[in-house]
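2 protein chains.
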Amino acid sequence: MTDCNVTFLPHDRTITVPEGENLLRAALEAGVHINASCGGEGVCGKCRILVEAGEVTEGISEKLDREDLEKGYRLACLSRVHEDVTVRIPVETGVDSSVMHMQVTPRRTAVIQHPDFESLKEEGVFISPVEKIYLELPPPEPQNNMPDVTRLVEYLKLEAGEHKLELTLPVIRKLPKILRDNDFKLTLTLVRPVRDKGKTIIIDLQGGDITDENYALALDIGTTTIYGQLIDLSTGECLGEAGDFNGQISYGEDVITRLMYAEKPGGLEKLQEVVVATINGVLEKILKQSSVDRENIATITFSGNTTMTQLLLLVDPSNIRRAPYVPTATMYPPFRASLIGIEINDHALALVFPQVSSFVGGDIVAGVMGSGMYLNEELTLFLDIGTNAELVVGNKDWLACTACSAGPAFEGGGIEFGMRAAKGAIEDFSLDPLTFEPMIFTIGDVRPKGICGSGLITMTAVMFEMGVINNRGKFNLELGTERIRKRNNVWEYVLAWQENTQIDRDIALTEPDIDNLIRAKGAIYSGCLTLLEEVGLTMDMVEHIILAGGFGSYIDLEKAMTVGLLPEIDPDCVTFIGNGSLMGARMSSLTNKIRQDVVEVTKRMTNFELSETPSYMDNYVAAMFLPHTEIEKFPKLKERMAARKKQMELLDSSR
Amino acid sequence: MTDCNVTFLPHDRTITVPEGENLLRAALEAGVHINASCGGEGVCGKCRILVEAGEVTEGISEKLDREDLEKGYRLACLSRVHEDVTVRIPVETGVDSSVMHMQVTPRRTAVIQHPDFESLKEEGVFISPVEKIYLELPPPEPQNNMPDVTRLVEYLKLEAGEHKLELTLPVIRKLPKILRDNDFKLTLTLVRPVRDKGKTIIIDLQGGDITDENYALALDIGTTTIYGQLIDLSTGECLGEAGDFNGQISYGEDVITRLMYAEKPGGLEKLQEVVVATINGVLEKILKQSSVDRENIATITFSGNTTMTQLLLLVDPSNIRRAPYVPTATMYPPFRASLIGIEINDHALALVFPQVSSFVGGDIVAGVMGSGMYLNEELTLFLDIGTNAELVVGNKDWLACTACSAGPAFEGGGIEFGMRAAKGAIEDFSLDPLTFEPMIFTIGDVRPKGICGSGLITMTAVMFEMGVINNRGKFNLELGTERIRKRNNVWEYVLAWQENTQIDRDIALTEPDIDNLIRAKGAIYSGCLTLLEEVGLTMDMVEHIILAGGFGSYIDLEKAMTVGLLPEIDPDCVTFIGNGSLMGARMSSLTNKIRQDVVEVTKRMTNFELSETPSYMDNYVAAMFLPHTEIEKFPKLKERMAARKKQMELLDSSR
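Order-wise, the sequence lines are chains G and H. When you line the first sequence up against this note's numbering, it's residues 2 to 656, in that order. When you line the second sequence up against this note's numbering, it's residues 2 to 656, in that order.
Honestly, the hints are just simulated from the structure, not real lab data.
Intra- or inter-copy, both count: the list cannot distinguish identical chains.
Straight-line distance between alpha carbons at most 30 angstroms, and here's what the computed DSBU-like set of lysine-lysine pairs gives: (1) Lys165 <-> Lys604; (2) Lys647 <-> Lys637; (3) Lys178 <-> Lys604; (4) Lys604 <-> Lys186; (5) Lys265 <-> Lys178; (6) Lys186 <-> Lys122; (7) Lys122 <-> Lys289; (8) Lys47 <-> Lys64; (9) Lys178 <-> Lys271; (10) Lys634 <-> Lys647; (11) Lys594 <-> Lys200.
All figures in this text were calculated on a predicted structure; none of them were measured in a lab.
Make a model of the complete structure from these sequences and hints.
As C-alpha cells, then:
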C-alpha cells in the first residue's frame, strides 16, 4: 500500500493518507471542513469538491450533472484517493483565509497500549498460574513398588525440584491408567501457588508429552459485552478473540436493572445461566478460530465489575444497590470453571479478579494491574467511563478509587437521537465557521441513524468553541442558520435532514441532550477532583491519565478537555488501554506475578464513597458548565477562545 | 443385679456369676466340663446336673422324667441362677478328682480397651478437625461498609484470633442471607489445618448459635461389614452406632474377587455405588437412634483396607492384586463426602485414613493410631486377623508392617462345617478328659449350625492338649470314642449328632479342617516371626500384643497360644481393641492430633512384602505343627503337656 498526498485548497493544507482513503475522512484528518450530512452515502450532495490535479476514483453521483463532472466536481464522501491529488473546496467568496485555521482540529486519540509480553519474559515472570510439566517415570518393580501417587510425587521432587504438592481426587483416579497406557510417560498440569510457600496442585494428567499445548482463556465480563481471548501460555500469543453482547441485556440494560431482576424468584439463577451461555458461545467462536483442543485450556481468568462477578458466581448481589452498598466478597477462591457451567475441561481452573467495593470491581482492578499503573512513579489518574465511571488515582505507593454514576449519556441514553457506538452513529463532526453547516462522520460511513457518546462530546465541544452554544449549553440564536430551531418547545441543531438519514425524521442535537452531557461530564470531573482532594491533591498534579474501556478508546482527547470531561493535560501523557479488564485478565493468565500482587494492590486501593463526601456536590455544581465555572482551570481552551474572538472581530470589521 | 455363688461338685469349684446366668455358661467360666452338644436348647439332654443346695429356675425338659425332677436333676443349659446354689455333675464312678483339674480352663479374653477421651481433653488435644464457632458481627453502616466476607474474616481475626482463613464458594453464596436473616449472628463450621501453618477453611454457616450441634461420623469400611458411629464433637460421646454387611459381598466374598469384579466393564462403578448404598443405610440407622439433624454432621472419617478405600473413592484398584502390588495412592486429599454419593450435608468433609501398601491399609493405620501403639515405649506386635492378617511391630521410634494371606479358615471358610461368627456357630468347647464327650457353646445359645473361627481354634487347642489329636493334627484312634470316625475316607470328630443340630447332618471337625487351621495359624505366626527377623528381633522380645478386628475380639488367648497362632506371652500384656479401624476413625474425629501424626506415622511404617522375603517359607514350614516344630518356643504349654502326661499315667496306674 502506497501513500498519497492530498492538498486541500484554498486552505493549502496537505495531508498524506494511505491509498484508497475516503476524501471526506482525509479532510477531517487534515482539519478541513467540508459540508456533509449524509454520513458518506452521497445522498445529501453537499460535499462537492473540485479535483484540480490528479484523479480520484468513484465520487460520482446523480447529485452531480454531466457539466459538473466534466469540470472535475466530485462528491468528497464517495471519492477515494489513489494518487497525489489537489482538490478545491468551494467556499463563500470573500471569506478570509484566516478563518480556515479556526476549523476542524484533527481528532486526537492515542494508540492503544498493548501489554509488553516480551519484557515479561525477560524479567523471568512469564510464569502462568497453570503450567505443564513432562515426566518419564520408572515403572514399578518388585523392589520399587511404591504407590503410583508416591512415585509421581517422589519423582517430581527428584527431577523437577517440586515440593509441596497436592493432588485432587479426580487426578488420583486418572493416574493408574494414564501411567500404564503411556509407558509411564505423562504430562502434568500444575496450578502454581499464589505465595511462594503455598502448595502446587496437580489438576490434570495427560499421556505423553503435551507440554506445548497449554492454553488459557481471558474473559472480560462486561455489563454490555463479553470479550474473550485464547492465550497460548508458551508464547503469550493471542490465538483467537471474540465477543458478544451479554445475554443478560434482555433482563435489564444496566447494572441496576439487573440487580433488580436478580431479586425476583429465580432471577439470580436465570442471569447466571444466561451469562454462562454467552460465555460458552464466545468460547465456541474462539475455538473455531484456533485449532486448539478444548481439553488443553487449563485456566480461565474472569474479570468483571462487582455485580457481573457476583451474578457469574451465583452470589446474591442484592446488597450492592442498597445503602451502605455492601458487596458479598472482594476475593473469591479459585474453583473449577465447569462448576458454574462453563463448557470446558472438568479440571480447568477459574480465577476471578478481586473487587474493591460495590462499584469498583474486578474490571477496574484488572485494568490497574494490566496497565501497570500500580508500579508507576507518576501520579496517575485511571478512568473507565461508561454509564458508571470508575476512577483510580495513585502510583506505586498508594491508590485511591471511587465510582460515580455518569448517567447513560455516554452510551447514547437520555439523548433524543442517542445510540450506542454502532453502524450509523455520528461519531465525528465539524462545523463551517461561517455558515454553521455540519460535516458529519458515521460509523460504517452510512447515512446517520443517531448520535453516539463520542460524537456527542465532539459536537458539544465544536459548537461551544465556535460560539454556537454558550457555557451553559444554550444555543446562540443570532447565527442566522435554519439548522437551529425550536421544536416541541425545545431548541435544537439539525445535524441531518430527514432525507439524508436512515430514519424518518431530521436528526438533531437538543439543548436537553447537551444538558445531559454536561451533567455526565460534570459528575466525572467532580468525581476526579473530589477523589484527588480527599487525598490532599489537586487536578493539576496529575502527571498521567489512563483511559480504559470502549468509550475511552474512541474519545477525542482535545474535545473531551474542551467540554471539561478531562482536565487539560499534554495529550502525550494520556494512555489509552482499550479494554483494560480483558488486558488484565490476559496478563494474569501469563504471569503469576499479577496474582501475587493483586491481593496486596486490592487492599491498597482505598475506596471513597462520593455520596459520603460533602465536597462532591459542590464540585459537581461547579462543573456544570462548559468547560467549568472557572475557565482558568482550562488555560489552553481559554487562549483558543480568546484568539477566536479576536479573529471574528477582525473578520466582522473587514466585511 | 446381685451376684450369686455357684459351687460345682465334685470339683468343689465356686464361681460368682450375675443373677440370671445360664448354668452351663457358669460351668464354662468355672472351668468345669459338662457334656452338652445341642448348644443350650435342651435337646440333647446330656447336661443333667443335680441341684444339691439352693434352687435354679427353668432347667426343666421332657428329657427329665418326674422322678429325676423330684431328685433335683435339671438340664444345665436351660437352668438360670438366681441365688447361691450348689450343683453336682454326675461323673463316672471312680474318676480321680485330680482329673477334674485337667479340664476346661476359663476362657481368657481381655476386656476391650476403649479410647480414653477424658485424657485427650485433659491433654488439650480434644480438637476436632471440624469446629464450630459462634460470632456476633456488627451490621454494616455507611462508615463501615466492608464486604460481608471481609467483615467476617476481620472479626474472626479480632475476636477469635483466627488467621489464615479460606472460604469456599458455596459458603460465600450463603453468607449475605445468613447474616441478614439472623441479625448478623451466626455459627461457622471450620476445618482445621493439619499443620499449624495451614489455613483454616470455613465450610459452612448457620444462623444463630448452633455450636453445640457438631457431629462427626466415624466409618469402618470392612470387606465384610461396615460399621459407623455418630460422635458428639462437644463431648466425645458416641450417640449412635450401627453396622451392616457390605453390599459388595454380592459381587465377591473377599478382596480378590472384588478386585476381579472391579475390572469388568462398569464393575468399579457398581461396587462403589453398592458400598455407598450400604453406608447410607448405616447412616440412616444411626440417625434414627439419635435425634441428630443430618445437617449438623460436619465430617466423616473413613477407614478401610487399601482395596475398600480405592473402591469407595472410585479409584481403579486393578494393580493391587498384580505383582508388584502397587496401590494407586496412600494418601487422599480431604473432599466433600457428598461428591461420592454420601447422603449428607453438601459441605461435610470426608477424611480418609492413609494406607501403607496394597495389603496394609487404612484400617490398620487407624488401629495403630487409635490404639496409641505409635506412642508406646514397649516393643508391640499389632495383629489384625481375618482372611488376610496384617501385622505391625514397633514402638514410638519405628514401625514395620506386613500382611499375609491366612486363608479363609478363621472366617469359617474351607472348614467342612465352617461358618461366620453368627447365631448357631460353635464358639466355645470343652472335652471330658475320660469320655471325650464334648461341651459346646453356640452364639445365641441355639442348636449348632456350624463352627466359627474362634470355635475352631478352641477345639483344636483342647483336642491337642487332651491328646485327641497329635502335633500334626491327626486323630488319636485309640481313645475308644464313637465320636472319632472315618467318613468319606476322612477322619473326623462328631461335635453334635444330627438330632441336636439345626441341620440335617452330624456336625463334625475333620482332619482337613484342622489342617486348614494349622496352615492359617502357621502363616500368621511365621509372618510375625519373619517381620521381627527382618528388623533383627526375635519373638520373645515382644512386650505387648494388640489384637484388633472382630475375630481378634473373640479369640481365646490361651487357646490361640496353644495352637501356636500367637506366641506365648503373659495374657496381661495382650490388649484387645476390637474394631481398631472404627476406633481410629472415632479418635481422628475427636482430635486433630491424629491427623497431624498420621502422615508421619504412615511414612514411618516400613512395609515388607513376605513374598520377597526368602526366610518366610522356612518359618512357615516350621510353624506347620501344633504349636510349632519347636515346642520349646511354647514353654508353658510344654509344661502343661508334661504335667498332663504324668497325671494320665498316674490315673492309668491307679485304675
